[in-house]
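Q: If you want the building blocks of each chain, they are given just below.
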Amino acid sequence: ENREEMLNSKSNRLTETLEEANKLFDEVSRPREAALDAQFLVIASNLGKEKANELHSEMTTFDTALFAEDLLTFMGINRTEVDENDSGFLPSDAWEKVGEEAMKYFRRAPTFHYMLGSFKSEPPVAKQRIERQKKASRGEAKRAMPAQLKKMEESHQEATEKEVERILGILQTLFDNDPDTAISFFDFVIDPNSFARTVENMFHVSFLVRDGLAEIKLDDDELPIIEPTKSRKGGQNDRGPGARNQVVMSLTQEDWK
Amino acid sequence: ELVQYLLVKDQKKMPIKRLDILKNVIREYKGAYTEIINRAGRTLQEVFGLQLVEIDSKHRTYILTSKLPCAERNHPCRAKEKVKMGLLTVILSFIFMKGNSVKDSEGSHHPPPQNRYLEITVIPLTDPPQFNYHWGPRALKETSKKDILNFVAKVQGKTPKFWMSQYNEAMA
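Residue numbers (UniProt numbering), protein chains in the order written: chain E, 1 to 257; chain S, 1 to 172.
Chain E on its own, in the form it takes in the complex:
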């Protein structure tokens, strides 16, 4: 009944009560009384344990109220302002702030989530890859113009455009230097040192053909030659009236070698 009183560290009430119980037990004769006594012992021992606990924590008192105040400060509440219009509400992210700090002190397994959807892929890059694969090969060739790969600082799309322009420039120059000699397509695109660059060159040349800036024809030996279109109509979307064929070229590494 008088739990609180007994728990008070200054009180000897618990000891007194135990002594009284001891005396009383000598007079016990009925089982019911013995049961009561047992109950009493349970309560007394619990109280004793609690008293011991409180003694312990009184050594370095933990001030709950102060903790609460500090928590509120941590949540970002300015205590001096609150007193006047204390509506009693915390800011919406108050507990989140506490939680964010608190998580650092736990070894909690991150909650497993399914990734919905695939990784984001940039359409331009994907499209180029597909185009690159649709080429069929023919014949062989020897050495040709090495093409240097520029540093890809910009996005893939921009780099491709630049590369295409550059190749057009080279083609134009080649042609202008010697307009009567056909330029072998394979001589033009193959890089004897790199299969990858060869494929890229073919890829870039395909843009030129698509946009009508270059033509590929077959010469007398049935080998493809390339030249810039004579009447440049300008504009990338200008699909001129000339016959347009689609050719799929494939070039394996073996062929290239």
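Please note that the accuracy of each hint is not assured.
[What the hints assert, rightly or not] Within a straight-line C-alpha distance of at most 30 angstroms, the following computed DSSO-like cross-link-like pairs (lysine-lysine) qualify:
no., chain 1, residue 1, chain 2, residue 2
1, S, Lys161, E, Lys49
2, S, Lys145, E, Lys49
3, S, Lys154, E, Lys97
4, S, Lys98, S, Lys80
5, S, Lys158, E, Lys104
6, E, Lys97, S, Lys67
7, S, Lys17, E, Lys104
8, S, Lys146, E, Lys49
9, S, Lys67, S, Lys161
10, S, Lys103, E, Lys51
11, S, Lys17, S, Lys67
12, S, Lys17, S, Lys141
13, E, Lys104, S, Lys146
14, E, Lys97, S, Lys12
Everything labelled a hint here was simulated from the structure, so no lab data went into it.
Knowing the structure of chain E, use the given hints to seat chain S on it.
A: Just chain S, lined up with the frame of chain E:
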């Protein structure tokens, strides 16, 4: 397969029972249970940095904890989770700082938490019933007295040694 099962079951943060594992995953390979569990544990450790921990040897239940050091784990976390952990940490702090156990007579109003962070026991022969609050097995595995003391120190802007007896207990 067991690894996947454990990961999914851990989503709810409820302890995983051995019986369930046997029934749903291992089934006819009962005899190799120990070996399978051990291998799953290794995979969880090596691939995910997670630890399979048994928290109740009587009922054989498990939880997953993280093996990686606390400060470096900055994994994305939903706001709801943060809020719950915030409140929980405050409660755990309170319990520890007050001598590992706190009593309250309001316990009966709330359902006992399944997450095993807290353990609530009835104080016998109290009327109206009073309850004791202790740290639960999950709390004991996922954090420590030292960690929680550090949390309190951080919030209050003091050094952990400010509370000498709690500090000694935490370092023991």
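Q: Each hint: holds or not?
A: Results of checking the hints against the structure:
1. S:Lys161 - E:Lys49: Holds, at about 26 angstroms.
2. S:Lys145 - E:Lys49: Holds - the C-alpha atoms of Lys49 of chain E and Lys145 of chain S are around 21 angstroms apart, at most 30 angstroms.
3. S:Lys154 - E:Lys97: holds, 13 angstroms
4. S:Lys98 - S:Lys80: holds, 27 angstroms
5. S:Lys158 - E:Lys104: holds, 18 angstroms
6. E:Lys97 - S:Lys67: holds, 24 angstroms
7. S:Lys17 - E:Lys104: holds, 28 angstroms
8. S:Lys146 - E:Lys49: Holds: Lys146 of chain S and Lys49 of chain E sit about 24 angstroms apart, inside 30 angstroms.
9. S:Lys67 - S:Lys161: holds, 27 angstroms
10. S:Lys103 - E:Lys51: holds, 13 angstroms
11. S:Lys17 - S:Lys67: holds, 21 angstroms
12. S:Lys17 - S:Lys141: holds, 17 angstroms
13. E:Lys104 - S:Lys146: It holds: about 13 angstroms lies between the C-alpha atoms, which stays within 30 angstroms.
14. E:Lys97 - S:Lys12: holds, 23 angstroms
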